[in-house]
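S.K.: Single-letter residue listing:
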Amino acid sequence: MSVVDIENLSIEFPTRRGILKAIEGLSFSIEAGEILGVVGESGAGKSLTGNAIVGLLEPPGRVSGGKITLKGRDITHLSENEMRRVRGAEIGVIFQDPLTSLNPLYTVGKQLTQTILTHRNISYSKAKDRAIELLTEVGIPAPELRFDAFPHEFSGGMRQRVVIALALCCDPSLIIADEPTTALDVSVQAQIIALLKDLSRDKGVATMLVTHDMGVIAEAADRVAVIYSGRLVEIGDVRSVIDAPKHPYTRGLMDSIPQIGQNLKYLPNIEGAMPRLDGRPDGCAFNPRCKMVKPVCREEIAALRATENAGQMAACWIYDGGHKYV
Amino acid sequence: MSEQAILEVRDLKMYFDVSKPLVTRLMNRLPKHVLKAVDGLTFSIKRGETFSLVGESGCGKSTVARTIAGLNAATSGEILIDGKNLTGQKEKSSLSDIARRMQMVFQSPYASLDPRWRVRDIIAEPIRAYGLADNKEDEREQVAQLLLQVGLSPRDGEKYPHEFSGGQRQRISIARALSSKPEFLICDEPTSALDVSVQAQILNLMTRLQDDLGLTYLFISHDLAVIDHVSDWIGVMYLGRICEITPKSELFRRPRHPYTRMLLETIPDLKGGTERKPMEGEVPNPINPPSGCAFHPRCAFATEKCTRERPVLKGYDMAKVACHAVEDMRI
Chain U
-16 MSVVDIENLS
-6 IEFPTRRGIL
4 KAIEGLSFSI
14 EAGEILGVVG
24 ESGAGKSLTG
34 NAIVGLLEPP
44 GRVSGGKITL
54 KGRDITHLSE
64 NEMRRVRGAE
74 IGVIFQDPLT
84 SLNPLYTVGK
94 QLTQTILTHR
104 NISYSKAKDR
114 AIELLTEVGI
124 PAPELRFDAF
134 PHEFSGGMRQ
144 RVVIALALCC
154 DPSLIIADEP
164 TTALDVSVQA
174 QIIALLKDLS
184 RDKGVATMLV
194 THDMGVIAEA
204 ADRVAVIYSG
214 RLVEIGDVRS
224 VIDAPKHPYT
234 RGLMDSIPQI
244 GQNLKYLPNI
254 EGAMPRLDGR
264 PDGCAFNPRC
274 KMVKPVCREE
284 IAALRATENA
294 GQMAACWIYD
304 GGHKYV
Chain G
-19 MSEQAILEVR
-9 DLKMYFDVSK
1 PLVTRLMNRL
11 PKHVLKAVDG
21 LTFSIKRGET
31 FSLVGESGCG
41 KSTVARTIAG
51 LNAATSGEIL
61 IDGKNLTGQK
71 EKSSLSDIAR
81 RMQMVFQSPY
91 ASLDPRWRVR
101 DIIAEPIRAY
111 GLADNKEDER
121 EQVAQLLLQV
131 GLSPRDGEKY
141 PHEFSGGQRQ
151 RISIARALSS
161 KPEFLICDEP
171 TSALDVSVQA
181 QILNLMTRLQ
191 DDLGLTYLFI
201 SHDLAVIDHV
211 SDWIGVMYLG
221 RICEITPKSE
231 LFRRPRHPYT
241 RMLLETIPDL
251 KGGTERKPME
261 GEVPNPINPP
271 SGCAFHPRCA
281 FATEKCTRER
291 PVLKGYDMAK
301 VACHAVEDMR
311 I
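Protein chains in written order, with the working numbering: chain U, -16 to 309; chain G, -19 to 311.
Fair warning: there could be bad hints in the mix.
Said to hold, decoys possible - Computed footprint of chain G on chain U; a stretch qualifies when at least three of its residues, placed anywhere within it, have a C-beta under 8 Å from a C-beta of chain G:
#1 109 to 122
#2 126 to 133
#3 196 to 205
Said to hold, decoys possible - Computed from the model, here is a short list of chain G residues facing chain U with C-beta under 10 Å:
#4 Q181
#5 G261
#6 T287
Unchecked claim - Over the 10 Å line for every Cβ pair with chain G, so calculated as not near, a few chain U residues:
#7 M(-16)
#8 D(-12)
#9 L61
#10 S84
Note that these hints are calculated values from the structure, not bench results. Using N, Cα and C, we set each Cβ at its ideal position, and we do this for glycine too.
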């Protein structure tokens, strides 16, 4: 059974100039022990999806349709109080910047024990033991000593480890990691990814890894979901999506990543930019930039369909009803 | 080499005093703390080439860029542009001429453009500062040309920066940098705030401009794949010093310094999907760097000598490496 199920999720922002649809008809699920990578350009809606799952959408943003199910329980429209019990206990969240997600005025130990005590009915000394255990687990040296340290006394990589420990406090079944390595150096990045992978493998945690870095995805994720302009355009096993992308956008994206030893003078690139929320074209949102565009692409949006690769799906007219594809 | 070098940096040092305030220091008898952000850098860049500096955050690569651009006054050392010394230059007129020929593109296209200025004013500012336009009409013409050159439309000049996406803003930054007709651009992580598809557009633009205008680039980045794509020469920095300088092909084919090898191993492998080796440890505190070779606590080849003696750059074929292990032919 999957840990989290997203069905037909839509998110909108009412504005004075009308309703802006940020996410439309998004569906995916994550199994226990699986890491699903979610990629897309900034503004595509990947962080928004993560925030919707943990109930942290910034008003006026709201879920306008669809369903989010966590371990069989519908959590789409929980009250703030109910959601608070889910968040932290069932879902752990790791944000991009470890400096802003920790409180600079409290010691790391206090932040950890506080979180544990909020969700668990145990004594302080038990919570402290657990906190030190967590710090050990995420690879912080001398955890007993670091327990009383403040966030500013840690380096960037170590701070991100503390944030991960914080997310793990109550053995969550789902972790949402929103660009967890973007603020870190490549060398430290590899350490954090290795840690995330161990966690999902050893503890069976389902992880949603939101990032724009394909290198991170290639290394950490089992499956990848590609989001373009608020819609899922491709989803599949990580190796097939990276080695044989099906959607023209994913293809363009993969080609535009520079690679060592490639020795190209110019990188292949996708011309233009992702449309703004209020300026989406009719039909497929990618059609103005697409090299394979057909008349039907300018009229209707293609549904997510199976491709010749098992388990890999793409939302493109190439795979959706060949008869329309002329 | 110095014949055709457009930029020459000799033993450049940039120290920052990070001590507590004087009174606190005297009362608590604290020592002075000096952060050696750049500690004795020597390199040169030939006209029309791209020289890149790569390293982890905190290694001093941005400080080098800012010091060469004149945003910091160097503690010591020399910066020569076409043989003319920039440091200790008193005469304002000649300094301004050198400054015109050297411009900078910053990392964040959000922070580097004034939100209250129209794009045409942002781009025209250097033209006005150096008096490069004969009249208003000429200035407008130049701005329009620059906008076209970076792939925007002359009409975009009327807009404000917030009306543009990150990639378009970086194009505006580049147009501004080009407006004083420079020969040399310092680019400090110009694409690291951008999405990959946009990054490709900006890198292609920079390549095209280099061809069209014969520009020389000093390129700063932490992304080795980007570095490989743009560079002719690469300098690898660690804690304020260069540990290896080599032509691009050499660096990726035959990395010599243990730190360079470690950096290369941490590159995520897109196609193969192999697990990269997580690099051990982190960059030490630059206020109190390790003795001898600053890399020795993380180095697998470190010996007692490395903790004691600081290695100097020595030549091997095309490359220059500062490492005892390489010198003693242990690796």
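S.K.: Now, for every hint given, state plainly whether the structure supports it.
M.R.: Cross-check of the supplied hints:
no. : hint       : in the structure
1   : 109 to 122 : violated (count 0)
2   : 126 to 133 : violated (count 0)
3   : 196 to 205 : holds (count 6)
4   : Q181       : holds (5 Å)
5   : G261       : holds (8 Å)
6   : T287       : violated (21 Å)
7   : M(-16)     : holds (28 Å)
8   : D(-12)     : holds (27 Å)
9   : L61        : holds (33 Å)
10  : S84        : holds (19 Å)
Of the numbered hints given earlier, the model fails hints 1, 2, 6; all others are met.
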